[in-house]
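Given chain A, put chain B in place with the hints provided.
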Amino acid sequence: MNLTRDRVVSPILFAIASFSITALFVIGVFIFVEGLPVMLRVGVWKFIGSSEWLPLEGKFGILAMIVGSITVAVGTLVVAVPLGVGCAVYLSEFASKRAVAIIKPSIELLFAIPSVVYGFIGVLFIVPFMREHFGGDGHGFNIVTASFVLGIMVLPVIVGISVDALQAVPKVYRDGSLALGATQWQTTTMVTLKAARSGILAGVILGMANAIGETMAVIMVVGNAVVMPNSPLDSVRTLTGNIALEMGYATGDHRQALFATGVVLLVMIMMLNTLTRYVTRKRVARQ
Amino acid sequence: MKARWHRLLMVVLSLTAVGLGLSGCGKRPSQGRTLRIVGSTSVFPFAELLAEAYRDVRPDIVVDVQAGGSTVGVVSAKDGICDIGTSSRELRPEEKEGLTRIEIARDGIAVIVHPGNTIDELTSDQVRDIYAGKITHWRQVGGADADIAMVTREEGSGTRGAFEEIVMGKTRISPRALVQDSNGSIREAVATSPNAIGYVSVALVNAKVKALAVDGEAPTEEHLESGAYKVMRPFLFLVKGAPEGETQKFIDFVLSADGQKVLKAEGLLSPSKQ
Numbered sequence: 001m002n003l004t005r006d007r008v009v010s011p012i013l014f015a016i017a018s019f020s021i022t023a024l025f026v027i028g029v030f031i032f033v034e035g036l037p038v039m040l041r042v043g044v045w046k047f048i049g050s051s052e053w054l055p056l057e058g059k060f061g062i063l064a065m066i067v068g069s070i071t072v073a074v075g076t077l078v079v080a081v082p083l084g085v086g087c088a089v090y091l092s093e094f095a096s097k098r099a100v101a102i103i104k105p106s107i108e109l110l111f112a113i114p115s116v117v118y119g120f121i122g123v124l125f126i127v128p129f130m131r132e133h134f135g136g137d138g139h140g141f142n143i144v145t146a147s148f149v150l151g152i153m154v155l156p157v158i159v160g161i162s163v164d165a166l167q168a169v170p171k172v173y174r175d176g177s178l179a180l181g182a183t184q185w186q187t188t189t190m191v192t193l194k195a196a197r198s199g200i201l202a203g204v205i206l207g208m209a210n211a212i213g214e215t216m217a218v219i220m221v222v223g224n225a226v227v228m229p230n231s232p233l234d235s236v237r238t239l240t241g242n243i244a245l246e247m248g249y250a251t252g253d254h255r256q257a258l259f260a261t262g263v264v265l266l267v268m269i270m271m272l273n274t275l276t277r278y279v280t281r282k283r284v285a286r287q
Numbered sequence: 288m289k290a291r292w293h294r295l296l297m298v299v300l301s302l303t304a305v306g307l308g309l310s311g312c313g314k315r316p317s318q319g320r321t322l323r324i325v326g327s328t329s330v331f332p333f334a335e336l337l338a339e340a341y342r343d344v345r346p347d348i349v350v351d352v353q354a355g356g357s358t359v360g361v362v363s364a365k366d367g368i369c370d371i372g373t374s375s376r377e378l379r380p381e382e383k384e385g386l387t388r389i390e391i392a393r394d395g396i397a398v399i400v401h402p403g404n405t406i407d408e409l410t411s412d413q414v415r416d417i418y419a420g421k422i423t424h425w426r427q428v429g430g431a432d433a434d435i436a437m438v439t440r441e442e443g444s445g446t447r448g449a450f451e452e453i454v455m456g457k458t459r460i461s462p463r464a465l466v467q468d469s470n471g472s473i474r475e476a477v478a479t480s481p482n483a484i485g486y487v488s489v490a491l492v493n494a495k496v497k498a499l500a501v502d503g504e505a506p507t508e509e510h511l512e513s514g515a516y517k518v519m520r521p522f523l524f525l526v527k528g529a530p531e532g533e534t535q536k537f538i539d540f541v542l543s544a545d546g547q548k549v550l551k552a553e554g555l556l557s558p559s560k561q
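Residue numbers (my numbering), protein chains in the order written: chain A, 1 to 287; chain B, 288 to 561.
In isolation and in its complexed conformation, chain B is listed as follows:
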């Protein structure tokens, strides 16, 4: 009886040791620094790609990227919990203090509908009135005989924040709007509902949904780059105080031709020239 217990204990211990050994090696270089990036879920996938690309340039630096939302990014940067906070919306006036704002890219927000929808274009006023609940029927904007199902993101989301700032202005999104908690689930909801309207990052538009022209301009790369398509938001890096040392070097990499190539390949636009 006793011998069996001992053997079991040995097995457990050795398994634990192997597990620790496996997780320990390979991932982290023995010396070097970790750069912590925290914030927007929209920026997250791109920041991960940048971190991966940076590994080729600086193998001694570990870039650790976490998603928590734009507001979390702003607060974490301010509190110094991370080296770089990220945001997928413009900063609110009260958030600006003490932070250095670095625009790393711009992203269009596409207004999407079901591919079977006859509407190809809306004005930004119409989009606003639809989300405010003033326009409730597709016929009111020249479409089919059906009620509009508006799909929005949850409160606090950077994509919602940017959409509210650019399209809604002072008007509120109607509480009747259906709420989904990611770009992907909004796209899925719109792709499966013939009467739905939603908004997602342009990079995520695919064949299952149709992106509408807003104010006469389709969200094509050309219109986005020229600024003709107005529903655009910045992707921001936020640093407490002024960036220095390794943080500055990483930011330099992101803004360099190599870093921008990574973002462009994923459908993002270069930052606005300031």
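In isolation and in its complexed conformation, chain A is listed as follows:
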């Protein structure tokens, strides 16, 4: 009886597991089939190497948006890494059980807030603040604003993974360090953080991938001008923003060029994910 059930359940579970892979495969194929022709027609280097985006005149260059996506993602890390790693160290090494019980769920709750709400708060408070105190070409709609909004958004990812990495460090490491007379802070910086380095790095890279993929909140606060940024106070457009902004209206080559934007985005995200896997695998190997 139980054996037959196993024989039935196993293929069903396999089918369920395959479903997500199939979805990924189908999405990948679809984006490439739709996007590659126009990319090849324009020329791959011209497509990713020019920043002239005039889709209605047949000029498709997305360099400014690639740079836009990367600068916003890097800015996000500048905001999120000190906050996220600091928070993780506190939660894992210093906080009392009660503090953890309050802080950890609150940070996880950040993940549940819809991105449009982040964008809305950004437009209402951060954009006017940036405009009044810093000015610049983007008039408040700029890279710094987007970085702040995204920095808070990716915090749960970085904190969550970093806490896991810190707690995976064997207790004997800490005990050994403390026994040698190191203070708790010395133990944390010189032993625990070093041992958890690759896990934390994986969290940071995943946070960066999240930042590159985020769309709605970014569109609302970054201004979406298709220009190469000269300063952090300039407006930029991200790859995701480009797709979301123009997809509703695009037809023909323009539409295909947006799929091609998706191809570039997919490749960038895949590179980051591979990097995460590589970084974490090294950790496992060392242990």
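Incorrect hints may appear among the rest.
What follows is a list of derived Cβ distance ranges for each label pair [as the list claims (entries may be wrong)]: (1) B/Ala494 / A/Ile103: 35 to 45 Å; (2) B/Arg379 / A/His133: 36 to 46 Å; (3) A/Pro114 / B/Asp432: 37 to 47 Å; (4) A/Thr22 / B/Gly420: 47 to 57 Å; (5) B/Asp407 / A/Ala99: 54 to 64 Å; (6) A/Gly58 / B/Lys548: 40 to 50 Å.
Residues of chain A clear of chain B, computed beta-carbon distances all greater than 12 Å [stated by the list, open to error]: (7) Phe25; (8) Gly28; (9) Val44; (10) Pro114; (11) Gly176; (12) Ala244; (13) Gly248.
Cut-off 27 Å, straight-line C-alpha distance, at most; resulting in silico cross-link-like pairs (DSSO-like, lysine-lysine) [stated by the list, open to error]: (14) B/Lys383 / B/Lys536; (15) B/Lys536 / B/Lys365; (16) A/Lys104 / A/Lys194; (17) A/Lys46 / A/Lys59; (18) B/Lys551 / B/Lys495; (19) A/Lys171 / A/Lys194; (20) B/Lys457 / A/Lys59; (21) B/Lys365 / A/Lys59; (22) B/Lys517 / B/Lys421; (23) B/Lys457 / A/Lys46; (24) B/Lys548 / B/Lys517; (25) A/Lys171 / A/Lys97; (26) A/Lys59 / B/Lys383; (27) B/Lys517 / B/Lys495; (28) A/Lys59 / B/Lys421.
These are computed hints drawn from the structure, not numbers from a lab. Glycine included, every Cβ here is placed at the ideal spot set by N, Cα and C.
Below, chain B alone, put in the same frame as chain A:
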């Protein structure tokens, strides 16, 4: 164990049945036709109102309205995916072929600034130069000592298309312009930025923004109706070939006094007399 599964299954099934039943009844009459209207996001809210009004006249017809953009409207009409395509800009020469163009209304495009802006009026040349990036400072047009933040719509938008055609001519909108993806978000961006300039449908101007006079004419109803205010665009219905049957009847309704009353109440103007 088994009994519990069965009960759960029963609950799920009956809920599904109730859901299907609810969605099935009420909305669609059992017989009759569906008219599909696809296109401009600017025309969309008005087309919905027209569809609602038409239900009182012809309860047996379902008018299904979808928004996708003017270009989508043109292509869908051409491909015969919908009965009526809508556009909030004039057709480009290459788009005209095979389509019947029916102007159902006109809409002014207001050039808007923050209510605190001292400027009340610009010439259309000044508006063009601002959007081209040639004029970058409010002082250059007699205003405050501040940089201009121009806000525009995204490529492909009907409102942008109409603005480019009427105001920009052959000049391009500067890539430095901030881009927002709807009339509403442009209005919001301008309402919250003291130095911003934007353009939206006249029907959407409210107290949070100030509409400028262009070439000496404010976008009032009177100036719009007389044609003195120049920044105007048509709202178009597009039909593949010649309209016939129920499609023609719906168009007749839209152009009738009853249909036009619906559009007028929302701030649109009657179509130009041809």
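When you check the alpha-carbon spacing of A/Lys104 and A/Lys194, does it fall within 27 Å? holds (23 Å)
Quickly compare the C-alpha distance for B/Lys517 and B/Lys495 to 27 Å and report which way the hint goes. It holds: about 23 Å lies between the C-alpha atoms, which stays within 27 Å.
B/Lys551 and B/Lys495: Cα distance at most 27 Å? holds (22 Å)
So if I understand the rule, the pair passes when the alpha-carbon distance is 27 Å or less; does A/Lys59 with B/Lys383 pass? holds (24 Å)
Holds or violated: A/Lys59 and B/Lys421, Cα atoms, limit 27 Å. holds (22 Å)
For B/Lys536 and B/Lys365, compute the direct alpha-carbon distance and say whether it is at most 27 Å. Between B/Lys536 and B/Lys365 the Cα gap is close to 20 Å, so the pair holds against 27 Å.
That 40 to 50 Å hint for A/Gly58 and B/Lys548 (C-beta), does it hold up? holds (43 Å)
Confirm or reject the claim that B/Ala494 and A/Ile103 have a C-beta distance inside 35 to 45 Å. For A/Ile103 against B/Ala494, whose Cβ atoms are near 44 Å apart, the range 35 to 45 Å holds.
Just checking, A/Gly248 versus chain B, shortest CB gap more than 12 Å? violated (5 Å)
Confirm or reject the statement that A/Pro114 sits farther than 12 Å, beta carbon to beta carbon, from all of chain B. holds (17 Å)
Is the hinted range of 37 to 47 Å satisfied by the C-beta distance from A/Pro114 to B/Asp432? Holds, at about 40 Å.
Distal placement of A/Val44 relative to chain B, Cβ over 12 Å: holds (22 Å)
Going down the numbered hints, you'll see the structure goes against 12, 13, while the others check out.
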